[in-house]
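Q: Could you slot chain B onto chain A? The hints should help.
Chain order of the listed sequences is A and B. The first sequence begins at 1 in the working numbering and counts up by one. The second sequence begins at 1001 in the working numbering and counts up by one.
Some clues are possibly wrong.
What the hints assert, rightly or not - Residues on chain A that point at chain B, a partial pick, calculated with CB under 10 angstroms:
no. : residue
1   : 65
2   : 103
3   : 104
To be verified - Taking lysine to aspartate or glutamate and the EDC-like style, the derived pairs with C-alpha atoms no more than 20 angstroms apart in a straight line are:
no. : chain 1 : residue 1 : chain 2 : residue 2
4   : A       : 100       : B       : 1042
5   : A       : 100       : B       : 1056
6   : B       : 1044      : A       : 24
7   : B       : 1099      : A       : 15
8   : B       : 1041      : A       : 31
9   : A       : 100       : B       : 1057
10  : B       : 1044      : B       : 1068
11  : A       : 71        : B       : 1042
12  : B       : 1041      : A       : 1
13  : A       : 100       : B       : 1030
14  : A       : 100       : B       : 1052
15  : B       : 1054      : B       : 1024
16  : B       : 1044      : A       : 42
17  : B       : 1044      : A       : 1
18  : B       : 1041      : A       : 59
19  : A       : 100       : B       : 1068
20  : B       : 1099      : A       : 1
Said to hold, decoys possible - Here are some of the chain B residues that sit facing chain A, going by a computed Cβ distance under 7 angstroms:
no. : residue
21  : 1022
22  : 1042
23  : 1043
24  : 1091
25  : 1100
Just so you know, these hints were derived from the structure itself, not from any lab. Treat the numbers as computed from the prediction; the structure is a model and nothing was measured. Every residue gets a Cβ at the ideal spot worked out from N, C-alpha and C, and that includes glycine.
Chain residues, written in single-letter form:
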Amino acid sequence: DQQVKQNSPSLSVQEGRISILNCDYTNSMFDYFLWYKKYPAEGPTFLISISSIKDKNEDGRFTVFLNKSAKHLSLHIVPSQPGDSAVYFCAASRTGNNRKLIWGLGTSLAVNP
Amino acid sequence: EAGVTQFPSHSVIEKGQTVTLRCDPISGHDNLYWYRRVMGKEIKFLLHFVKESKQDESGMPNNRFLAERTGGTYSTLKVQPAELEDSGVYFCASSQGGKLFFGSGTQLSVL
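Bound conformation, chain B alone:
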């Protein structure tokens, strides 16, 4: 069974550019989460989807971040325009009511 997959694994962009991260959850998992770890800080919750609906987006830093989950399958997280402080590792996780399964993350570097 395939796990949670994230693409790309690494992204290096310049300040002001746009980046889109993708997450494919485990098939059949209704719950999808985005977390972020900024260097030197703890992993922080960004938002939670149940199927295609945003259940909780209280962790989204600001309106430069837009998450979508069309059709309740894969999800994208777009950062536009990117700022230096957006650098970090973005993790996606999915679950079917139980424990979370995490992807390997996308390392985003904004220069």
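This is chain A alone, in the form it adopts within the complex:
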């Protein structure tokens, strides 16, 4: 049974527009959430994270929002660039479990020029 769900397998956006990737989780014990980006034939690369004590974290063009009551988080990319085209994974963990990450299935983002 999946504890981290990314219900959209793919997303296509126009360059310069906003990309919004969504993630839901079921385990209320998760208190740390991460987004990873993955290009073909490469390993996942850390993008941005958020602790459950916050509801927003921003890093340049990337912002992650956390809604604990809804057990939902989202990644906003604005403006989107063609180089952002990749698979984005949402992952969650619990404090003290040494980065044992629970992953979603990923969303493939295509940013069209």
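A: Frame of chain A; chain B shown alone:
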């Protein structure tokens, strides 16, 4: 600075054979993790080393899988004997208490 390196990048073997995957973490990283992604499924945790000790091996599928990290440097993951359902991409990651750095993975195909 060298990243996490994994060898081989691809391995094709027959059911019943043995395969050994290797991971060289970033120098100085005490934490080493193995993850696996089976086609169509999510990436799943296999185990976690702190230096040479297994901290958590709760994700290891069964006793056909053996992971080692001699001397707390590189790690190997051996599958013996391999079964069809072992096919997938095996990722290694390392950290020094912070974020994980992943290798490019080993694509294992068991025929």
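Q: Can you give the numbers of the hints that this structure goes against, from lowest to highest?
A: 1, 7, 8, 18, 20 and 21
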